[in-house]
Structure formats: structure tokens, C-alpha cells
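Visitor: Use the sequences and the hints to build the structure in full.
Number of protein chains: 4
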Amino acid sequence: MAIEGSTTQKLNRRLRLGMVGGGRGAFIGAVHRIAARLDDRWQLVAGALSSDPERGRLSGEDLLLDPARLYADAAGMAKREKRRKDGIDAVAIVTPNHAHAPAAKAFLKAGIHVICDKPLTTSLREAESLAKLAKDSGLIFAVTHNYTGYPLVRQARAMVAEGALGKLRVVQVEYAQDWLATKLEESGQKQAEWRTDPARSGPAGSIGDIGSHAFNLAEFIANDEVEALAAEAHVFVEGRRLDDNAHMLLRFRGGARGMLWCSQVAAGQENGLRIRLYGEKGGLEWQQENPNLLIHSPLGEPPRLIRRNGAGADPVANAASRIPAGHPEGYLEGFAQLYTDIAEQVTARIEGREPAPFSTLVPTVADGVRGVRFIEAAVRSSARGARWLEL
Amino acid sequence: MAIEGSTTQKLNRRLRLGMVGGGRGAFIGAVHRIAARLDDRWQLVAGALSSDPERGRLSGEDLLLDPARLYADAAGMAKREKRRKDGIDAVAIVTPNHAHAPAAKAFLKAGIHVICDKPLTTSLREAESLAKLAKDSGLIFAVTHNYTGYPLVRQARAMVAEGALGKLRVVQVEYAQDWLATKLEESGQKQAEWRTDPARSGPAGSIGDIGSHAFNLAEFIANDEVEALAAEAHVFVEGRRLDDNAHMLLRFRGGARGMLWCSQVAAGQENGLRIRLYGEKGGLEWQQENPNLLIHSPLGEPPRLIRRNGAGADPVANAASRIPAGHPEGYLEGFAQLYTDIAEQVTARIEGREPAPFSTLVPTVADGVRGVRFIEAAVRSSARGARWLEL
Amino acid sequence: MAIEGSTTQKLNRRLRLGMVGGGRGAFIGAVHRIAARLDDRWQLVAGALSSDPERGRLSGEDLLLDPARLYADAAGMAKREKRRKDGIDAVAIVTPNHAHAPAAKAFLKAGIHVICDKPLTTSLREAESLAKLAKDSGLIFAVTHNYTGYPLVRQARAMVAEGALGKLRVVQVEYAQDWLATKLEESGQKQAEWRTDPARSGPAGSIGDIGSHAFNLAEFIANDEVEALAAEAHVFVEGRRLDDNAHMLLRFRGGARGMLWCSQVAAGQENGLRIRLYGEKGGLEWQQENPNLLIHSPLGEPPRLIRRNGAGADPVANAASRIPAGHPEGYLEGFAQLYTDIAEQVTARIEGREPAPFSTLVPTVADGVRGVRFIEAAVRSSARGARWLEL
Amino acid sequence: MAIEGSTTQKLNRRLRLGMVGGGRGAFIGAVHRIAARLDDRWQLVAGALSSDPERGRLSGEDLLLDPARLYADAAGMAKREKRRKDGIDAVAIVTPNHAHAPAAKAFLKAGIHVICDKPLTTSLREAESLAKLAKDSGLIFAVTHNYTGYPLVRQARAMVAEGALGKLRVVQVEYAQDWLATKLEESGQKQAEWRTDPARSGPAGSIGDIGSHAFNLAEFIANDEVEALAAEAHVFVEGRRLDDNAHMLLRFRGGARGMLWCSQVAAGQENGLRIRLYGEKGGLEWQQENPNLLIHSPLGEPPRLIRRNGAGADPVANAASRIPAGHPEGYLEGFAQLYTDIAEQVTARIEGREPAPFSTLVPTVADGVRGVRFIEAAVRSSARGARWLEL
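Read top to bottom, the protein sequences are chains A, B, C and D.
All the letters of the first sequence, read from the start, carry residue numbers 1 to 391 under full-length UniProt numbering.
All the letters of the second sequence, read from the start, carry residue numbers 1 to 391 under full-length UniProt numbering.
All the letters of the third sequence, read from the start, carry residue numbers 1 to 391 under full-length UniProt numbering.
All the letters of the fourth sequence, read from the start, carry residue numbers 1 to 391 under full-length UniProt numbering.
Each hint should be verified, as a subset may be incorrect.
[Said to hold, decoys possible] Just so you have them, the derived chain A footprint on chain C, three or more residues with Cβ under 8 Å:
# : region
1 : 296–302
2 : 308–318
[As the list claims (entries may be wrong)] So the derived label-pair ranges between C-beta atoms look like this:
#  : chain 1 : residue 1 : chain 2 : residue 2 : range
3  : C       : G300      : D       : R380      : 31 to 39 Å
4  : D       : G300      : A       : K281      : 32 to 40 Å
5  : B       : S187      : D       : G312      : 48 to 56 Å
6  : C       : R200      : D       : G312      : 27 to 35 Å
7  : C       : R13       : B       : R353      : 34 to 42 Å
8  : D       : S187      : A       : R353      : 28 to 36 Å
9  : C       : T360      : B       : R253      : 52 to 60 Å
10 : B       : E193      : D       : S187      : 49 to 57 Å
11 : C       : R200      : B       : G138      : 30 to 38 Å
12 : B       : E193      : A       : K281      : 53 to 61 Å
13 : A       : V235      : D       : G312      : 24 to 32 Å
14 : C       : S129      : D       : A199      : 54 to 62 Å
[As the list claims (entries may be wrong)] Restricting the straight-line Cα-Cα distance to at most 25 Å, the calculated cross-link-like pairs of lysine-lysine (PhoX-like) are:
#  : chain 1 : residue 1 : chain 2 : residue 2
15 : A       : K190      : B       : K190
16 : C       : K105      : C       : K132
17 : A       : K190      : D       : K10
18 : B       : K190      : C       : K183
19 : C       : K183      : D       : K167
20 : C       : K281      : D       : K190
21 : B       : K183      : A       : K281
22 : C       : K281      : D       : K183
23 : A       : K167      : B       : K183
24 : D       : K183      : C       : K167
25 : B       : K190      : A       : K281
26 : C       : K190      : B       : K10
27 : A       : K183      : B       : K281
28 : C       : K183      : D       : K183
29 : B       : K85       : B       : K105
30 : C       : K190      : D       : K281
31 : A       : K10       : D       : K167
32 : C       : K105      : C       : K85
33 : B       : K85       : A       : K183
Hints were generated in silico from the structure; no laboratory data involved.
Using N, Cα and C, we set each Cβ at its ideal position, and we do this for glycine too.
Guide: Take a look at the structure:
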């Protein structure tokens, strides 16, 4: 097998992780656990895994957790873990959206670093208040816009920053799925239920669930902010209460124009997150379903296939890679990269040193706020006939 | 070589074609000539090939045309060809946009069928007046929205019409190029010159040149009309007078929502015309750069690769095909299909019979009007901050 | 539409073409006619279109040919066309394989240039005798290994010749179809009948029909000859008399090693002609089903996508191109390129000048002999348990 | 995010794993560790990580292992772990090839289950003796032909077994890389050094390193054995002692014919493991670099894109999947699947029950023997001018 310079990873320590949410029937909790485990930097030791105590207990058993460290709720968990000598170093919050903010606040108050799933909150006001608290606390607050953990996404960002495309002109981003093409929420599918329920998801459906990922990806790679948007959201499945498709026009501060499309009713699409960026000097193209490839088209030259860990791959990408080019890494590895980077940040704090290069690329609470701001603007713009709104 | 049931094509007659425009230095004229020739149904016999008489003469010589049938202008050509016993059966008008209408009118008045390049005219008023004249004349008036000649585009249209996708929900269409990413019009390149000049191109740049193709393709396949659009056009190359990029939101009469993107500054894109349609029961995907493939995704089933003339190809597609599956047909064949269909229409008139099935799929003057309407609406919407405008 | 420097093609003259074979029910004859017509350098004026006189007459009518120039057989046609002042400049021989040699000889003797379909003959002895006659005659003798007409195939050859890959090491070539996966020859399909009949096809089935194309392509691009091969041919469809699948090991004179696979029973394959070449300094990859793309992988650098007429395309490729990058050209255009190049060769003879650069890339009778030599060696090697045989 | 029925994984216990080899500078050891960790069924607790004691000690520190469970060699480790109450449940042997057999024997004798990297041994005699020992011991002996852990590889196997392709006719398999296109072994790269050294790798280079994977994959999916092969191995890089490229003809017991190509000098190829199978009723295509896609071409129907965990995916594939369709899983997940299946086998032994369905798909010592038999036959056939040899 081809590999250059691979070596045994040196561990300084394994950090202790707690989790809020992610019990039986949850999806993203299991992903967080694999992600935390993959690079061996974290050990799950405590949890408030469900709002239903019995389900929480059983979920903890499933994971072979110490029953003494299974808690009924986030508040209690924060308080008690804070007091333990072997208390958790960080908590992962993976509940439905509406429960993110209260849980996060409890841990911040207890002085525990926070890893929070996206969207950060279900209202902008709540997001801003949380961000203030986080800032004042001085703690690490990561938001798992996980697609930023893909090596070639980081390379794309670096290439744009280094001017490989020249001044940006056009950004086309989309995230298309089809899992809600029918009224799945009436079938008892738990994921579909809460994601289409305004009380638990917030004011947006597809916009919050996946549009916010597309938005984050666009700003991350473009190294720029969306200044204004005009959105047309729509509900295609009769009786659904939240949008299942949205189209948006985007204006970036730096002058680029763009489009964003998110859909959960696009038959045949699985997790079609794709981005294309065009500047004065070239173009870039990346898609999540084949994440090991980045296509770079310098204007007037043949397009180049940059492959993860292969020829033309950048140090920032290689640092987020585990295995040789041609052996595909995927979604879990990209997600794991955030956990590994967060571990590095926490460890650096503990050891009183600067974190390793690139480990600070992980989205923060500020990115989380921006995501919520995007959701609110999109929902309002759509309600006003696609009027341009500033973010 | 694989082929089933291929046979020598039976010709009834070859029709006589005249051409206006298309002299030395032109591009699309040469394409029309190959297209007319490919299936052997037309013979080019007369022309007013350039507004510059000397260039017109030389161009006629280049093509081995009879000098007696080289004319200084469309009006004279129409008059004189009308009088000949062996006069042309139809004329192809392939001048810059502003000259389409006067030429077309001259031939309609002379009772000669018209094949006109797109966009039909540079103003809606002129388009409507031309359409009226065409209608009153009873003559055949084809507009070369040539992408409708691709076999699998026709199949896509048929599948939508037959309900393979169920009720349409989303239409994503785009046409991206990069040939105007720099200020090519200042280099002496003739194509770039007139296409960026409002006097010859009309009020739109990329919107008229390629956006109109995307629009036509979307309506053709969707079997539906765009009811309203909101557009954001932009000029990225400093000093250029017409848009080189545009983004649009679309609402279809039947309830579908969509986006249209056209760009001539998208580095790395050549002729990236792509369309995706999603309905209640499935999705379809086609792109011009690989036109022999249509991807059909029935909801909840594996996507299927339908290949030109291959398994799953429809009679309407096979009728527009020349060679076996796996031997690619391309742009010229798709363009030729329009000429072959028009020949069939003309021949059927001459022979007093119904034209063969599918030959009437060729876009008409009504489609041409619609294209101009689209251009005007997009330009106006953009001028008003992407306000929704009805078409 | 993107295009640089397009212009009206200047014709010196149209040449007169005759055809032997290609009547009703034939396949490749129709392809030759479109190919001859596409670039407007040839006019079909005479034919001996079928061995069945009535079918020949009807086929001539179908094509609107002058009845006086419809002949019962090749010998008579050659004699009479030779005597006409407006006699044909060249003849295209598109009969089943066994009839190639007698027809070609008749025209060579009449001093008429020959364009012959492949394989040249059904035996090596006959091929060599024909080649000698052709050489002695001084006439142009083209063999339509048509894949050499694809622009990027020519570019691949040029790149290898110029050392872009360094010394060649490995050549992987294949041609896979599935149209004979069942016993189609018993269904009355004419193409299947003669292609599986030793009397008309010669000693090989898939090896002669498509393996010979793969072999020619490999030698053409590699700029090298296969020195020896070891073959394993097989009949999968019970009762078929000629191979429908073959695998071969190849040794090239220059030291490269390779494999050749041809199959007419590979379910899902249409015309899967693909080649990959690897040398000390890089690799190349091309496939017929997407012929507008050539992938070049310089060792240690990202692979590059070279697109027909696009960035990185070579003059030899652009000279064989009609339309801008991104507008696909296909099989018919590649085939047409041979006819256009032959027209240029014939015209240059008539005008007493050197033919234009690249027009002499068309395969000749020598390539035809080589193809027959390949077929015989493969059949013999397979009969001897894949023993290595020199070519 | 799309997911159906995801749930917290229920753990019965975590098993204890030891490792031989895999210290600093090793590659595959790190992969085994991630694979073992990913699904949380194993905990690494002991190791003899290097033949160099100091390197072994440091490597153990790197991994935070208990110093008391770091051993100087496999033999000592086996003996002492056997005596511990909390001794390892299984050992992973990840040394260079020549050291596999002695280590494996030591653990078998100690009654400890074995997970061994491939190729099993460097000689057939040794392989057979080891297999006998394993069989007599009754212990679990897994060989990490890891590509069998990919979900869609398992689905391909199941589809062939269930007759989706009908009787198999053709198998095309290849594994192409380029990392040894230059004389990397002289650069100090440790991986290149031992893999090109007959003393440590055995009699074959590319054949043993990657050809054996291709061979295993072909037999695994075909549900059949290669009966005979004819091989042509070659050394392209001057001075190298083991083959860096090989071509083979294959005959399967069931009547299918095939080709195998392996190369480590194919410029531009990273880990190009690809397989295509064709039967009377259809074809299948899979490639490792995009492992989430399986193309199924039923004869006479459009090809279908089967995606991991998506529509058309089989229970055997879904059982080896972690996350929803469209979120790519990769090499590490495929490798992890073997560890998870082995954990299930071991756990079932401990619990006195049948292992879960599909968990016994993991290759065993018998597959390991077959791999060595393949290597020896290929090397011998090549030495005899590609003579057919039975396996």
C-alpha cells in the first residue's frame, strides 16, 4: 500500500467526553461518538442521553457507561461533572435544536468546553446571548459544521485565501436530498418527526437542517461573508409545516454573487452537498459524495484533479488526512477531524501552549450565530416575496 | 459494430436552402450548414452571406455557390429567389440578432419558409410583430433552439409528459461558459464583439446568448411555462456593457419552482448546459457535454442510466438517433435533427400529407417570442432589484 | 457560443465518391456516407450497393443516385467509372469482409483511389497481396480504422511521440460490447448473421470485428508495434462458430507490456473502446464513449483534463475539430475526419502539392495488413493454449 | 440528515486486542488500530510493536499502553498474555510478511484468536502448515483481505450468488498504483524498502502486495475459484528485485474467463482496485476509489446505480453500513467491518451462540492459503513464459 511517512500517532492523553442527547433512536449522536473515537483522542465517560430517564438509562447501558455518570438532564450533569476530579473535559450537545441553548449554557457556567451540533439555536436572540456567554467564559465552543473537516474543503479554503482563483465572482452551492419527498414524518420516523416540527426545529425546515450547512460551507471556502440574500422557500409535501425546498440569491461582501439551493424533496439525491466557486483566475469544484476529489480549473488551462493526500494536495489537507491517496476517506473521517482538532485545542489549553496549525479551523460559536442569522433572514425574505435582506 | 435494424435512409427529395449571414468569420453559419447537410435532406444553393458585399462574394466562392445566387441583402434575395423556378424552399437566417427580424419578414413576404437563429429579435415588440406575420403567412417558421434536437432531451420531455416524474416540483437549469472571463471583445474576436454590443445583441448579454437556451430547455422538458421570474444580472468584466452572469428564481405555472444560472465568466466551464428536474415520483438529469446519457431516478429505486439508442431509450429519442448506443452523437447531430425535422415538415407540405411523428418538435416562432419575453423580463427584473415579474 | 477564430471553410472542389456495398439493411455504409458528407468534401455519385441487383437498384433510388451509375458489381463499376470523364475520384468499399479484396483490386487496377473498411481481408495472404498491388499502383489506399480520426486520439499519439509519458511501460486496451450476448444471429439480424459467419467474416469473430480496432488504436497511440501476443479466445454463446470474447497479453517492440480485451458478450457495455498508457513520466487515458476528454497524469502531479478544442489541446487535435470545446463531437465526426483527410490527400495529388499537415494520419493498407496479421496471430495463439506468437 | 432506523449500537462487551508489529514508521498497523476502534468493539491493551525493543517501547508509549504489556517479541507476548486473567482475546499480526507465520503459530499455540495481515506467509508450504495448525486449534483465524469488508463488495457477492448475473462469463479485475514508479526504495522510505525486498516480502512484489488483493476480490465476488492462470510479470524500474507489474489470464472453475492486472508503476493511479463481472444475464462494476457505488447492468435494461445504504442496497450491504446513503464511507470503515465481524465471532464463542448473519464473511486462513498459492503460481507461470498453471 502506498504511503509516505506514515507513523504511529503520538497521544499525549485521552480526553474525557460527555454527551447530552444521542440516546436510542437518535442519529447524529452515534456519528459524534464514532467521530470522537476515530482518532483515539476522546473517551466517552458520561451522558444525559435522553429526556426520557428510562431511555437514557438503557442508552447508557448500551454504551457500557458507568451508571453513576448517567444523568437525567444537562443541568444536573454539568453541576456534578464539574465537581468530579475526573470530570469531563468537554461536552457534546446533540439534542434536537431547541434544547441546544439551555444545555450549552449549563456547561459553560460549569466551566466545561462545549461541542454543539448545528443549528446553534432556534432563534437569533438566543444564539447571540449564548455567544456572549461563551465569549465571556473564555471556553472553547465548537459548532459541528462538520463538512469543514473534509481535507479538500480546507484545501479549497486555503486556495481561495491564497488567491488561486483571483477575486471571487460566482459561488454556486447546493444541498439536495430526497428523504422527505413523501410525508415520512407521519410514518413514526423519529428523525423526520422532530425535523419537521417547528417546536423542536425552529422556524425553518430544509433551510435550517441542510441549507445552513451549505451556507456555512460557502462562507468557509470563500473566506467571505454573505452580505444579503433573497430567498424563496417552499413546502411541497402537503400539510408539512416547515419548508422542504428553498432557492436563494446571494451577494457576498467581496462582490461575488451566488445561488444557494437546498431541498429535501429532490428525488434521487442523497446528500448532494456541492459547491463551485469561480474567480477571475480560475474555478474550484467539490462535492461531498465524492469528497476525495477537488477540481481546480485555472483559467485557460486544463482542469486538474486534486485528490486527497495526492499530488497537488496542500499541507492543510494532508494534516486532516489519515490514509494514502486512493483509499477513500469519508463522512466519519471528516467529522472526526473536528473532534481531533478540538482535542488539540483543549490539550493545548491544558498544556499551556499554542494549538497545532490548522486545529483552529473548527467552526466556533460565532459561526453558529451566523448560521442562525442566515436561517432567520432566509425565512423572512421568503415571507416577503424574496425581498433582499441584509445578514 | 452493434446495430439493430439500421437501413439506408430513403430520400424523397433534397430541399433547396438559402442562407442569410454566415460568411467568413462567422461561427453559427458554418454549424447550420453542417447541420443541414448531415442527413442529406438539404442543399445550400443561395446566400446573402455578409452585409459587406465583397466578403459576401468571397464567402460564396468558398462554398462553391453559383455566383448568380449570391445576393447583397436579404430583401433582394427574397425577391429574386421567389421568382426562380428552382428557388429556395427555405432560408436560414444566421446574422447577428438585430438583423433577424427584417430578414425574416422579407422571406415571409416572399412566401419562403424561415429557419431563424435565436434570440428571435432584440425587442419583444418586434418579436410579436414578426410572430403575427408568420402566423398570418401560414409558413413554417422554425427557431433553432438547437438543444431540443438532442435525442435524450426529447426523451426527457416525453417522460415528463407521460408522468414519469409525477407532478413537477423543482427545475434546476444552468448554462455556464468561461470564454468571456476576460475582455475578449477588445482582442478583435468578432464573436465576442457583437455579442457584447447592445446595438447588435439587444439588451442582454449572457442572458440572451445562453440564458435563453437554458430557459427554452427548461420549458421544453418541463412541458410547462415559467410564470414569473426574479433575476439578478451582473457585469463582472469591467467596462463590459452587457451582463456576463445572471441568477434567477423561477416559478412555473404548474407549481414547480426553479433556478436558472447563466454565466460567461465561470472559469473552467465550456458549454455547461445542464438541467435537473424533480417531481413527486422521480428525478431526471441531463447535461449537454455528455448528451448521450439521461439519468432517471425513480423515487425509492436505484437511478437508471438511459443511453441514447440503448436500453430504456424511447421511440422519440431513437427517431432522432443515427448510430448505435455507445457511439456518441454530439452537438452537430442534435442541430442536424432540427434541419431534418424541418425538411420533413416542408416535404409533407409539398406532398400534401401529415409530417412524420416527432418532426414537429422543432421550436417555432412562438418559442422565439417566448425567448425574447424571457430576456426582457430578466433584464427588467434585475434593474428593479430582482423583483418578481410575470412573463 | 464560445469559439475562437471560426471561419467559413474554403472548398477547392468537391470530390466524386463511389461506394461498393452499403445497400438497404447495411449499417456501416450509411456511416461512411454521412462521414463523407459531413465536411462537404465528397459527393456520392455512383455505387454497386448490393450483391443482389434488385436491392442495389432500390438502394440507389433511395439515395437519389443517377440510375446510369448504379452497377451490379465492383468489377463492372471500376471499368465503367474509369472511362467516364466525370468518373469517381475514389471508391469506398463497405461490404462484408470477404468481399473487400476482390473489389479493392478491381479499383486499384482501374487507377481509382480506395477507401476500404476493416478488417482489410479475411486472410493474411490476401492482405499482403493486396498491399503489394496497392503499393505498386501508387494510389491512395485508406483503411477506415476510424477511431484514429478522433481529435484526442491524435493528440494522445502526438503526446506519446513527443515524450510526454517518457518510455512506455504499460498499455491497457479494451473494446467491450454486449450486442452478441444472446444468439442474435438466429433472429434474422443481418449484421449479426454475417459477423458470426466464418465464410463472410473470416477466422475471427470479436477479435476481427472489434479487437482489431483496439489493436490498431494501441499501436497508433503508442507509436509502436506489438511484437508478440498470447491470446485466449472463447465462445460463450452456445453454438456460435466464432469467438465472442478474447483476452490477450501483449509485448511491444519498445519494451512495453500490455493487455487487450475484446468482448461482445459483456452485459451493459455498448461500444466500450478504452485505452490507458503508462510511461516513466506519466499516464494517458481515453475512452470512445466520452471522446472529448483525454486525461493526462504527469507522474507526481494532479491529473489534467484535456478537452477537445479546449485548454491544453494540441494543434493536431484542433485541426480535426469542427466546433468549440464543450460542444461534443462524436463518432460521425471522427469518421468524417478520415474522409476529409483523404479528400485532402486526393486533392493534393490533383493539384500537385503536398497534403496539409496531419491529413496523412489516416491508416493505410499497411495498417490494414497489420490488422489481419493480428487477427491471424490471435486465433493461432488461442488454438495453441495462449502460446506466445510473434507478429 | 437522511437516515432510517438508526439507533444507538448496543455493546455486550469490548474485547481485548493485542498487536504484533505496527510500531513507529509502520503504516498498516495504524490502519488496524483505527479499524479496531471505529465500531467500539475492541480495546488495544498489549503489543509487541517492533522487532527493535526501544522502538517497541516508544511506540507503546505513543499509544498510552500499559508498559507491563509491551513485549519484545510475539512468542513472549503469547505466553504471558495467555497467563493473564485479563489477557487479550485476539492478536492482530501486522508485521512484514516473513514474520506472519512464526507469530501466528505462537498465538495459536497459546489458544489466542488470530487476525493476520496478508499475504499470509511468504511460501506456500508455510501457509499450509499454518492453516493446518489453525484448523486443528479450532480458533478463529482471520486474514485481512480488507476489501471484502466494503458493503457493496458484499452485495456484489450476494448478487452473483443469487444469480443476478446468470452464469458468469467474464471477470476483469485490476489493482493499479504508481507509488513505485520510481526507485522509491532507495530513498529510505521504509514501506518501499521491505515491500521490494525478497527476504521480507517473499517471491513477489506487486503480485503479492496488491495482485493478491485483486485475486481475493475476484474469487470473493465470483463465488468461484480460479482454476488456472497464465502470468507475465515484469520489473520496469531498473535494479528492482521483485515484479512491479503483472498481467494474467484467468480460468475459473465455473467456466468464466478473466484477466488480472496489477501494477505499481501506473502513473496517475493511486489505489485503483476495480472489478467488472459479466454473466449471461447482466454485469456488475465496482471500484475501490468510489466504493459507495455499484453499477448493475441487467442485460437489455438501463444500468442501475446502487448506492451504499440507498435504494436497491441489499441487507448484507446495509449490515456493513454505518451512515445514510450519500454520506460516503471509505477504506477505514471497510476495514473496520472485518474487526467488527471478528468481534462478533469471538463474542458468539464466548456467549455460546451463533454469530450474527454476515459476520462470517471475513476471509479465513483458507483464503490466506489461496492467496499464497496464487502468488506462487503467478511467479512460476511468468518464469515459464506465461505457461498455464493450475492453482
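Visitor: Confirm or reject each hint.
Guide: Hints versus structure:
no.: 1; hint: 296–302; in the structure: holds (count 4)
no.: 2; hint: 308–318; in the structure: holds (count 3)
no.: 3; hint: C/G300 - D/R380: 31 to 39 Å; in the structure: holds (35 Å)
no.: 4; hint: D/G300 - A/K281: 32 to 40 Å; in the structure: violated (48 Å)
no.: 5; hint: B/S187 - D/G312: 48 to 56 Å; in the structure: holds (52 Å)
no.: 6; hint: C/R200 - D/G312: 27 to 35 Å; in the structure: violated (43 Å)
no.: 7; hint: C/R13 - B/R353: 34 to 42 Å; in the structure: holds (38 Å)
no.: 8; hint: D/S187 - A/R353: 28 to 36 Å; in the structure: holds (33 Å)
no.: 9; hint: C/T360 - B/R253: 52 to 60 Å; in the structure: holds (58 Å)
no.: 10; hint: B/E193 - D/S187: 49 to 57 Å; in the structure: holds (55 Å)
no.: 11; hint: C/R200 - B/G138: 30 to 38 Å; in the structure: violated (53 Å)
no.: 12; hint: B/E193 - A/K281: 53 to 61 Å; in the structure: violated (24 Å)
no.: 13; hint: A/V235 - D/G312: 24 to 32 Å; in the structure: holds (29 Å)
no.: 14; hint: C/S129 - D/A199: 54 to 62 Å; in the structure: holds (58 Å)
no.: 15; hint: A/K190 - B/K190; in the structure: violated (61 Å)
no.: 16; hint: C/K105 - C/K132; in the structure: holds (11 Å)
no.: 17; hint: A/K190 - D/K10; in the structure: holds (19 Å)
no.: 18; hint: B/K190 - C/K183; in the structure: violated (56 Å)
no.: 19; hint: C/K183 - D/K167; in the structure: holds (15 Å)
no.: 20; hint: C/K281 - D/K190; in the structure: holds (23 Å)
no.: 21; hint: B/K183 - A/K281; in the structure: holds (13 Å)
no.: 22; hint: C/K281 - D/K183; in the structure: holds (13 Å)
no.: 23; hint: A/K167 - B/K183; in the structure: holds (15 Å)
no.: 24; hint: D/K183 - C/K167; in the structure: holds (15 Å)
no.: 25; hint: B/K190 - A/K281; in the structure: holds (23 Å)
no.: 26; hint: C/K190 - B/K10; in the structure: holds (19 Å)
no.: 27; hint: A/K183 - B/K281; in the structure: holds (13 Å)
no.: 28; hint: C/K183 - D/K183; in the structure: violated (51 Å)
no.: 29; hint: B/K85 - B/K105; in the structure: holds (21 Å)
no.: 30; hint: C/K190 - D/K281; in the structure: holds (23 Å)
no.: 31; hint: A/K10 - D/K167; in the structure: violated (51 Å)
no.: 32; hint: C/K105 - C/K85; in the structure: holds (21 Å)
no.: 33; hint: B/K85 - A/K183; in the structure: violated (67 Å)
The structure fails to meet hints 4, 6, 11, 12, 15, 18, 28, 31, 33 from the earlier list, while all remaining hints are met.
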